[in-house]
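A.B. asks: Now for the letters of each chain:
2 protein chains.
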Amino acid sequence: MSLISRIRRVLVGPPIATKHAHHERLPKIFGLPVFASDALSSVAYATEEVLLVLALAGAAALYLLMPVSYALGALMLIVGFSYYQTIHAYPKGGGTYLVSTENLGSWPGRVAGAALLIDYVLTVAVSISSGTAAIYSAFPQLQPYKVLIAVAAVTVIGLVNLRGARESGIVFALPTYTFVFCVLMVVGAAILRSFSEPSHAPPAKLPTQPEDHLWLIGPMLVLRAFAASCTALTGTEAIADGVQAFRPPEAKNAGQTLFMMIALMLTMFLGISWTAHYYGIVPMSTSQPGYMTVLAQMGAKLYGEGSWFFYLLQGATALILFLAANTAFADFPRLSSFIARDKFLPRQLMNVGDRLVFQNGIILLALVAILLLVLYHADTHSLIPLYALGVFISFTLSQAGMTIKWIREGVHDYRMFISGFGALVTFSVAIILLVTKFEEGAWMVTVAIGGLLFLFAKIRKYYDFLQREFEVSPQDRIEPVRTTALLLVPRLHKGTLKAIAYSQSLTDDCRALHVTLDPTSAEEIKREWDRLGVDMPLVILESPYRSLIEPVLEYIDQAIEDDPEAMITVIVPQGVPPKWYQALLHSNVAALLKLALGSRRNVVITNVRYFLS
Amino acid sequence: MSLISRIRRVLVGPPIATKHAHHERLPKIFGLPVFASDALSSVAYATEEVLLVLALAGAAALYLLMPVSYALGALMLIVGFSYYQTIHAYPKGGGTYLVSTENLGSWPGRVAGAALLIDYVLTVAVSISSGTAAIYSAFPQLQPYKVLIAVAAVTVIGLVNLRGARESGIVFALPTYTFVFCVLMVVGAAILRSFSEPSHAPPAKLPTQPEDHLWLIGPMLVLRAFAASCTALTGTEAIADGVQAFRPPEAKNAGQTLFMMIALMLTMFLGISWTAHYYGIVPMSTSQPGYMTVLAQMGAKLYGEGSWFFYLLQGATALILFLAANTAFADFPRLSSFIARDKFLPRQLMNVGDRLVFQNGIILLALVAILLLVLYHADTHSLIPLYALGVFISFTLSQAGMTIKWIREGVHDYRMFISGFGALVTFSVAIILLVTKFEEGAWMVTVAIGGLLFLFAKIRKYYDFLQREFEVSPQDRIEPVRTTALLLVPRLHKGTLKAIAYSQSLTDDCRALHVTLDPTSAEEIKREWDRLGVDMPLVILESPYRSLIEPVLEYIDQAIEDDPEAMITVIVPQGVPPKWYQALLHSNVAALLKLALGSRRNVVITNVRYFLS
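Going down the list, the protein sequences come from chains A and B.
Residue numbers for the first sequence follow this note's numbering, so the first one is 147 and each next one is one higher.
Residue numbers for the second sequence follow this note's numbering, so the first one is 147 and each next one is one higher.
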């Protein structure tokens with residue numbers, strides 16, 4: 147244990163006292179990177195995902211990139227306005243789970259909670275996969291180790307969060323602003339160069355176009371491309387969740403930060419899409435040798451593949467994506483602690499560890515995310531079909547909740563209209579996501595949400611049952627009990643002497659039990675007993691089947707029958723060896739007995755340990 | 147637990163009382179199959195292994211099969227005579243471990259024990275692999291599942307042994323005599339046909355002959371081929387181990403059975419070798435499609451591949467090989483119980499289970515054998531290099547022990563000479579095995595024996611230490627102790643009430659401990675405490691680091707310091723949910739506390755369970 151403690155201290159740091167819990171208030175300049183890294187980082191892969199859908203339908207379909215991007219831009223504005231309102235309506239923090247539960251009721255709140263939990267896991271998996279792709283776009287020799295890199299990244303981020311990330315403002319600011327700077331430099335260079343070389347090259351080559359995908363051309367293709375783009379919106383809700391982290395006036399500052407974020411997302415996303423469109427950049431398959439992300443291709447095309455800017459771009463992309471994963475490590479444990487507080491998840495998720503973080507939630511998220519990364523080989527494109535559906539379900543419920551709130555409060559002006567419209571649009575998008583991605587993976591998300599809801603209900607039911615069972619009523623009194631001590635004596639040794647003394651100190655009703663396999667051992671122990679003058683009856687139990695447990699069980703059952711009110715305390719002397727592994731050489735009767743006595747009431751099993759020097 | 151018990155009952159059967167332990171005395175007709183199946187079954191693969199060695203040196207080397215076989219025949223007779231003497235000198239059973247320990251001392255005995263333990267494991271692995279090969283020689287479509295079949299066979303044999311195989315005589319007789327009959331039919335047919343077609347075909351084709359094996363031609367090749375043949379002798383010691391299982395006069399009957407066995411082994415082994423030689427049968431590589439063992443090839447050649455005799459031969463071969471594995475399942479647990487009785491192995495191996503078998507030894511053997519089968523893909527030929535060395539080490543020590551015994555007893559006649567000669571010959575063979583198979587695997591056996599000897603010494607040292615530590619000296623008295631009870635009260639519920647009453651029944655020195663994370667919960671519990679009028683001081687412990695464990699540990703440490711002589715009993719109320727998995731929803735403070743209190747002396751931790759209906 148002390149070794150475990152020491153390792154833990156090195157990895158996670160010494161405990162932090164509750165009184166040191168501080169609520170760092172962020173100026174906008176830090177608030178933006180802390181809350182927006184998730185949303186902003188999505189632009190690193192969103193355009194690529196749209197292109198991958200369009201490319202399936204052939205080169206002719208690629209012209210659809212810009213219309214789809216404009217549609218997503220419009221959606222960004224709608225979602226942005228909706229959340230701007232939420233921030234002002236919930237200046238204490240308008241998390242989706244809270245808003246939905248408060249305005250729509252427990253069930254919709256639970257659906258939002260389940261959808262968000264799943265999406266936080268996917269945020270980690272997708273962001274880490276995509277960040278890893280940014281790394282091996284710059285260093286192709288690392289591609290074979292992508293799963294390893296991804297798992298290591300999750301582990302490091304998990305440990306950082308277990309330590310409690312308190313200097314987050316500065317840590318987030320640098321990579322986030324570098325990323326924004328780099329993307330704007332790419333887009334800016336693309337625009338500048340477009341003046342000097344007005345005609346752009348047509349797409350050079352396309353990934354394979356299997357015939358069975360030809361049916362996709364048409365409205366379905368557009369919808370699928372649009373669905374793929376929606377991943378860019380994940381993380382938009384973050385600022386509304388964390389209004390209280392801003393300096394006062396909180397709502398005003400948070401609202402301004404939200405608009406700053408939406409503006410940046412719009413610019414970056416449309417800029418990247420336009421650049422891809424104008425320069426005819428085609429996404430590569432990760433199985434292609436020398437794979438590069440679309441963003442990396444742009445950097446390589448405009449600044450040169452070996453240039454320092456190219457490496458800066460890839461580094462900043464990887465970092466902001468890892469920070470996006472880090473955001474989920476703050477959100478998931480907090481949300482699961484809220485849900486656990488409402489008794490829908492195990493109460494261990496509410497435990498604030500000695501580093502002032504929800505350690506169980508952090509560990510749970512890391513484990514599930516690692517599992518996903520291993521199962522999906524840390525491949526962004528395979529994970530994307532699972533992504534975004536949960537986000538849009540929670541958007542819908544959050545905005546629907548806001549709409550109901552306005553109606554209840556008698557607010558029938560533009561605010562109600564914006565929330566209602568937002569709910570309608572995000573609901574439509576959720577339906578589009580569900581339909582277009584159903585076969586590819588959205589069905590799993592649906593099943594997972596259903597499974598979580600079932601689990602929530604079961605857990606709540608159990609905690610309610612626990613409360614009823616445990617509740618002390620005014621009639622309840624403490625009834626005195628009698629205790630009978632039964633001391634197991636396999637052999638008479640020093641540990642036994644100590645256990646005898648201990649048993650006698652507990653109660654006058656002590657009996658020693660010796661299970662005998664052959665009569666000579668019984669005689670021997672009787673002699674010893676007499677010689678020591680032990681003031682305790684010694685009961686010899688025959689064991690016709692050579693079990694050391696069965697005769698004791700039978701004796702205990704008889705004792706319970708004789709005196710159903712008494713508490714039977716079974717005392718088992720146990721030698722504790724100097725080294726833990728030496729315990730393998732002891733026959734562990736106590737553990738076996740504990741298992742066997744599992745369901746017997748009024749029985750208490752006690753180990754009296756004797757330490758071998 | 148009751149579910150586990152029920153499954154156990156179905157698989158292993160109801161308990162058998164000690165008084166029903168009977169020592170079935172076998173007539174010779176049953177004694178032969180019971181004790182000889184291991185030795186006789188070896189002829190199923192011995193010739194093939196010799197041919198595989200010779201074939202490496204090319205077709206020209208195959209003529210060496212008969213000389214090597216005659217040498218092995220001579221060795222069989224020498225070993226047979228040696229053990230005949232052991233039987234008469236130890237009519238109570240002359241196991242190698244016993245004979246070596248008694249005559250040569252503890253260390254040689256331990257070496258023999260370690261060597262034999264390893265060889266019993268290998269007997270299971272080799273016999274099962276070879277039996278599986280007999281099955282897929284008849285049904286080639288089963289070859290891909292050979293590891294699965296082998297593991298299933300070990301599992302079934304393990305379960306049969308856990309039940310206790312009491313009707314062994316009849317069960318063994320049928321396959322053993324069928325196998326003997328089939329082999330004699332093959333050899334007989336071969337001899338008969340040799341008269342009608344006097345010239346035999348030269349070997350049709352040979353396995354690959356890599357050039358780097360050409361150095362093998364010469365004396366080394368002969369030694370290697372001889373070493374390969376020695377596997378035929380494994381199991382010869384079985385009758386000497388089990389003299390007491392024969393009807394009186396035990397030694398006479400056992401001795402006659404031994405000679406019967408040696409005669410059969412000689413006839414069958416030489417017969418198979420001659421047939422292979424005469425008909426130019428060449429061993430196949432298991433990776434060849436349509437692989438057949440050498441014995442199966444003979445059956446197919448002489449009786450036709452689809453004939454009922456062919457299937458009978460393969461079935462009997464598989465069965466006798468599985469029975470050989472079964473023999474190890476009787477020998478290994480018995481030997482390990484002897485070694486455990488001498489305190490060189492964990493005492494759990496001495497436990498006779500409720501089915502009157504050494505269940506832990508059976509389970510241990512099954513697990514290690516399955517591990518070997520999986521690692522070596524149930525391939526007989528890869529396992530063979532590990533085999534036989536242990537057997538010949540134990541032969542040598544057993545015969546050396548007999549020689550010393552004769553010398554000590556002043557017997558200087560032919561008996562001393564036979565034992566001495568046997569020891570010398572088997573020692574030479576052991577050296578040949580070690581040298582010729584060293585690189586291929588004998589080094590592992592050497593390391594394993596060394597490792598076991600180290601383990602034996604460590605275990606013995608620990609048990610000796612335990613005895614010294616535990617020993618009650620005449621001065622030892624039972625010193626009365628005081629008990630302080632500390633009751634943990636996280637919340638006040640019905641389980642707590644029960645625990646309060648229990649604590650009060652134990653000692654007058656009771657204190658309740660409540661760890662508080664916030665002051666309101668402390669106030670609340672104090673009010674409840676007063677309302678119930680609990681006659682026990684309530685200690686509120688602050689937890690600046692939010693740990694529920696640390697403050698309790700500190701309090702306990704203080705209590706130990708205040709009164710180093712008292713026993714501190716920590717009582718933890720624990721709710722027991724109706725279903726075991728619901729315990730996941732409880733925070734298990736007791737288990738954490740137990741871990742944390744690990745090394746504190748004079749502390750006893752007690753769970754008072756409250757059953758939720």
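Wrong hints could be hidden among the right ones.
Identical copies look the same in the list; a pair holds intra-copy or inter-copy alike.
[As the list claims (entries may be wrong)] Here are the simulated lysine-lysine pairs, DSSO-like style, with alpha carbons at most 27 Å apart:
no., residue 1, residue 2
1, LYS640, LYS740
2, LYS238, LYS489
3, LYS489, LYS644
4, LYS672, LYS292
5, LYS489, LYS447
6, LYS640, LYS607
7, LYS489, LYS725
8, LYS607, LYS725
9, LYS604, LYS640
10, LYS740, LYS292
11, LYS640, LYS489
12, LYS607, LYS644
13, LYS489, LYS672
14, LYS489, LYS604
15, LYS489, LYS607
16, LYS292, LYS447
17, LYS644, LYS740
18, LYS725, LYS604
19, LYS447, LYS607
20, LYS640, LYS725
21, LYS174, LYS238
22, LYS740, LYS725
23, LYS174, LYS398
24, LYS489, LYS398
For the record, the hints were derived by calculation from the structure and aren't laboratory data.
A.B. asks: Now tell me if each hint is right for this structure.
C.D. replies: Against the structure, the hints:
1. LYS640 with LYS740: both (23 Å within a copy, 23 Å between copies)
2. LYS238 with LYS489: within (22 Å within a copy, 69 Å between copies)
3. LYS489 with LYS644: between (45 Å within a copy, 25 Å between copies)
4. LYS672 with LYS292: Cα proximity of LYS672 and LYS292: none, with 69 Å in one copy and 57 Å across.
5. LYS489 with LYS447: Result: close neither inside a copy nor across copies, 54 Å intra and 75 Å inter.
6. LYS640 with LYS607: between (49 Å within a copy, 19 Å between copies)
7. LYS489 with LYS725: This pair counts as between: shortest inter-copy Cα distance 18 Å, intra-copy 41 Å.
8. LYS607 with LYS725: Close across copies (13 Å), not inside one copy (44 Å); limit 27 Å.
9. LYS604 with LYS640: between (50 Å within a copy, 23 Å between copies)
10. LYS740 with LYS292: Intra 46 Å, inter 41 Å, cutoff 27 Å: neither.
11. LYS640 with LYS489: Classified as between: cross-chain Cα gap 20 Å, same-chain 49 Å, threshold 27 Å.
12. LYS607 with LYS644: between (46 Å within a copy, 24 Å between copies)
13. LYS489 with LYS672: This pair counts as between: shortest inter-copy Cα distance 25 Å, intra-copy 56 Å.
14. LYS489 with LYS604: Answer is within: at 10 Å inside a copy they meet the 27 Å cutoff, but 52 Å across does not.
15. LYS489 with LYS607: within (9 Å within a copy, 53 Å between copies)
16. LYS292 with LYS447: Answer is within; shortest intra-copy Cα gap is 24 Å, inter-copy 56 Å.
17. LYS644 with LYS740: both (21 Å within a copy, 20 Å between copies)
18. LYS725 with LYS604: between (42 Å within a copy, 13 Å between copies)
19. LYS447 with LYS607: Neither way: LYS447 and LYS607 sit 59 Å apart in one copy and 72 Å across, limit 27 Å.
20. LYS640 with LYS725: Within one copy only: 19 Å inside a chain, 39 Å across chains, cut-off 27 Å.
21. LYS174 with LYS238: within (17 Å within a copy, 92 Å between copies)
22. LYS740 with LYS725: both (23 Å within a copy, 17 Å between copies)
23. LYS174 with LYS398: within (10 Å within a copy, 100 Å between copies)
24. LYS489 with LYS398: Neither: 34 Å inside a copy, 78 Å across copies.
In this structure, the earlier hints numbered 4, 5, 10, 19 and 24 are contradicted, and the remaining ones agree with it.
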